[in-house]
Amino acid sequence: GNSVTQMEGPVTLSEEAFLTINCTYTATGYPSLFWYVQYPGEGLQLLLKATKADDKGSNKGFEATYRKETTSFHLEKGSVQVSDSAVYFCALSDYRATNKLIFGTGTLLAVQP
Amino acid sequence: EPEVTQTPSHQVTQMGQEVILRCVPISNHLYFYWYRQILGQKVEFLVSFYNNEISEKSEIFDDQFSVERPDGSNFTLKIRSTKLEDSAMYFCAWGTGGLATGELFFGEGSRLTVL
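The listed protein sequences correspond, in order, to chains W and C. Just remember that the numbering used here sits 9 ahead of the position in the first sequence, which is counted from 1. Just remember that the numbering used here sits 1121 ahead of the position in the second sequence, which is counted from 1.
DSBU-like mimics (lysine-lysine), calculated; alpha carbons at most 30 Å apart, straight line:
id : chain 1 : residue 1 : chain 2 : residue 2
1  : W       : Lys86     : W       : Lys61
2  : C       : Lys1163   : W       : Lys77
3  : C       : Lys1199   : C       : Lys1178
4  : W       : Lys77     : W       : Lys65
5  : W       : Lys77     : C       : Lys1178
6  : W       : Lys86     : W       : Lys69
7  : W       : Lys65     : C       : Lys1163
8  : C       : Lys1199   : C       : Lys1163
9  : W       : Lys65     : W       : Lys86
10 : C       : Lys1163   : W       : Lys61
11 : C       : Lys1163   : W       : Lys69
12 : C       : Lys1178   : C       : Lys1204
13 : C       : Lys1163   : W       : Lys86
14 : W       : Lys61     : C       : Lys1178
15 : W       : Lys61     : W       : Lys77
To be clear, the hints were calculated from the coordinates, so they are not data collected in a lab. Remember, it's a predicted structure, so these values are computed and weren't measured experimentally.
When you get a sec, could you build the whole thing from the sequences and use the hints?
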């Protein structure tokens, strides 16, 4: 079945450091891929998405490229800020077959000043 | 302002007790979902609800679970007889045109602790 695997956290970085959070997926169809973020005390919110191979999703300085050959959707940011501290969830959906999101375990990012 | 408000934010209950978690959408939503996350584990899909009916449910969503939208606004998840392993954060979510739009909006979650 479909699944998502993302790197375990916590990831601790200094402000302005480069961020990569790895995400790989297993899917039988043609999924759409997502990154959701959960700030402390809030619900999950969509950060970015890509709906087909080679698409790049971007938002708030974060980027992720849908790589079908490596079944990956790694999240990157060139210079993190303290305000980026949150839990990041990789997710996929094969909405043609099912109406749900499948999430990874989440990766806690802590950015220190 | 959150799109979805969940209550209670935290509930502690004894094993075997019934629990009702509530989700109050702000606007007229069509697709509703319940997800949960056991501490340190994946966010798991429980059930989706469309047009006042369950459209899909996971293996987790057994006879102990039920959902309803009794008055057209509140969306509830009921656990009839809680077990220790039901301790988790429960998230309500909603979407517009299913996942073709690629986005779900989530509530802040209700933490359930079963003792």
